[in-house]
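Trainee: So for the sequence shown, the working numbering puts the first residue at 1; every next one is plus one.
No lab work stands behind these hints, which were simulated from the structure alone. Values in this document were obtained by computation on a predicted structure and should not be read as measured data. Among the clues, some could well be false.
With a straight-line Cα cutoff of 30 Å, these simulated DSSO-like cross-link-like pairs (lysine-lysine) come out [what the hints assert, rightly or not]:
1) Lys207 with Lys137
2) Lys207 with Lys17
3) Lys68 with Lys17
4) Lys225 with Lys137
5) Lys195 with Lys259
6) Lys255 with Lys245
7) Lys255 with Lys99
8) Lys99 with Lys17
9) Lys225 with Lys255
10) Lys68 with Lys207
11) Lys195 with Lys207
12) Lys195 with Lys265
13) Lys225 with Lys68
14) Lys17 with Lys255
15) Lys137 with Lys195
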Amino acid sequence: MSGFKADDIEDLGFDRKEMYSENLSGGVALYHRHVFLIWGTAESWPSKVELMAGPSSDLSRAIGVLSKRTGLITKFTLCEADPSIGDQEGDLLVYPERKRFRGVDADEFVNNILANAEFGSGTDVHTSDIFVCAHAKRDMRCGKCGPELVDAIRTCASDHRTRTAIQNASKNSTQPDRHDVGVAVRGCSHVGGHKYAGNLIVYGSDKLSVEEQKEGDWYGYICPKDASTIVQRAVGLETNEPLVKLWRGRLGMGKQPHKLMVEQKIAEYAEARNPSPKRHFMNMFGFNAAAPAAAALAVAALVAAMR
């Protein structure tokens with residue numbers, strides 16, 4: 001990304017003083033659907049993409065009208081093409097349905113496909129998709145951090161594909177690894193919270209289990225050092241670096257439910273690191289805390305046998 005001086009790095013980059021200064025939970029408004037238009041580059045987008053000439057303004061306006069009429073709020077965002085996936089200028093990506101539409105005009109897409117939720121004419125999207133805010137003319141922090149994150153995540157995604165291919169070859173098995181999914185990484189326009197740059201959104205592949213899929217998770221304060229963790233989460237792998245404190249929100253989830261979920265997950269991680277004496281005792285003997293009655297009976301039997 002050009003246009004940034006060395007003196008800007010402290011105020012705009014990942015080492016700026018405001019990093020990690022705010023609680024991010026509940027920071028994303030409720031959206032029911034997310035539509036991306038692949039159009040142009042992050043450097044070329046004006047501050048307000050809805051004012052661009054062409055399909056961006058038409059789609060933004062029509063989607064806004066539809067959202068008000070139905071009460072189902074659709075988020076509209078521009079994104080760059082990922083050349084490794086076969087993206088084409090003008091493609092429309094729809095989540096959570098994970099559909100791609102090509103060669104469809106704005107009126108047809110909004111008034112027929114979106115309005116009637118008829119997505120059968122689209123092609124399925126099987127990749128795990130990561131969208132990184134790189135909207136320089138909207139906020140210079142995103143313009144500085146976004147492209148660096150895109151490069152770092154693409155490198156980690158490529159490394160993951162290489163490792164998975166080697167592992168699959170060594171297994172000599174026809175059974176595919178469910179984590180062997182492609183990862184698309186695209187720069188995107190403003191997704192809110194530019195002061196939390198690097199901002200990104202993860203949509204997990206439909207090849208993953210329901211528990212592993214990421215249904216539009218917004219993250220903030222993401223740095224290149226987090227790139228590997230982001231890719232692992234995108235492909236459904238467990239990580240030792242939970243990102244819950246950097247989790248801003250989720251598609252289809254309101255602010256208050258998200259805050260409660262973050263509190264719950266933080267408590268779960270804390271308990272896992274330092275289990276209470278009762279939990280520690282139950283874990284020693286392999287008891288499931290979700291089945292306290294069975295555990296109590298087993299403990300009673302153990303005590304009786306020791307008498």
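Trainee: Run every hint past the structure and note whether it holds.
Mentor: Hints, one by one, checked against the model:
At most 30 Å may separate the alpha-carbon atoms for a hinted pair to count; Lys207 and Lys137 exceed this at roughly 36 Å. At roughly 40 Å between alpha-carbon atoms, Lys207 and Lys17 are farther apart than 30 Å, so this suggested pair is violated. Of the supplied pair hints, the one linking Lys68 and Lys17 is violated, its CA atoms being roughly 39 Å apart against a limit of 30 Å. The straight-line distance between the Cα atoms of Lys225 and Lys137 is roughly 25 Å, inside the 30 Å bound, and the hint therefore holds.
At roughly 19 Å between alpha-carbon atoms, Lys195 and Lys259 fall within 30 Å of each other, so this suggested pair holds. About 15 Å separates the Cα atoms of Lys255 and Lys245, which keeps this hinted pair within 30 Å; it holds. A hinted pair counts as satisfied when its Cα atoms are at most 30 Å apart, and Lys255 with Lys99 qualifies at roughly 26 Å. Pair hint Lys99 plus Lys17 does not hold up; C-alpha atoms about 40 Å apart against a cutoff of 30 Å.
The suggested pairing of Lys225 with Lys255 holds, with an alpha-carbon distance near 28 Å, which does not exceed 30 Å. Proposed proximity of Lys68 and Lys207 is contradicted: the alpha carbons are some 33 Å apart, above 30 Å. For the proposed pair Lys195 and Lys207, the alpha carbon gap of about 33 Å is over 30 Å, so the pair is violated. Between Lys195 and Lys265 the CA atoms are separated by roughly 24 Å; this keeps the pair inside 30 Å, and the hint holds.
Our distance criterion of 30 Å between C-alpha atoms is broken by Lys225 and Lys68, whose separation comes to about 40 Å. The straight-line distance between the Cα atoms of Lys17 and Lys255 is roughly 26 Å, inside the 30 Å bound, and the hint therefore holds. Distance hint between Lys137 and Lys195 is fulfilled; the C-alpha atoms sit about 14 Å from each other, no more than 30 Å.
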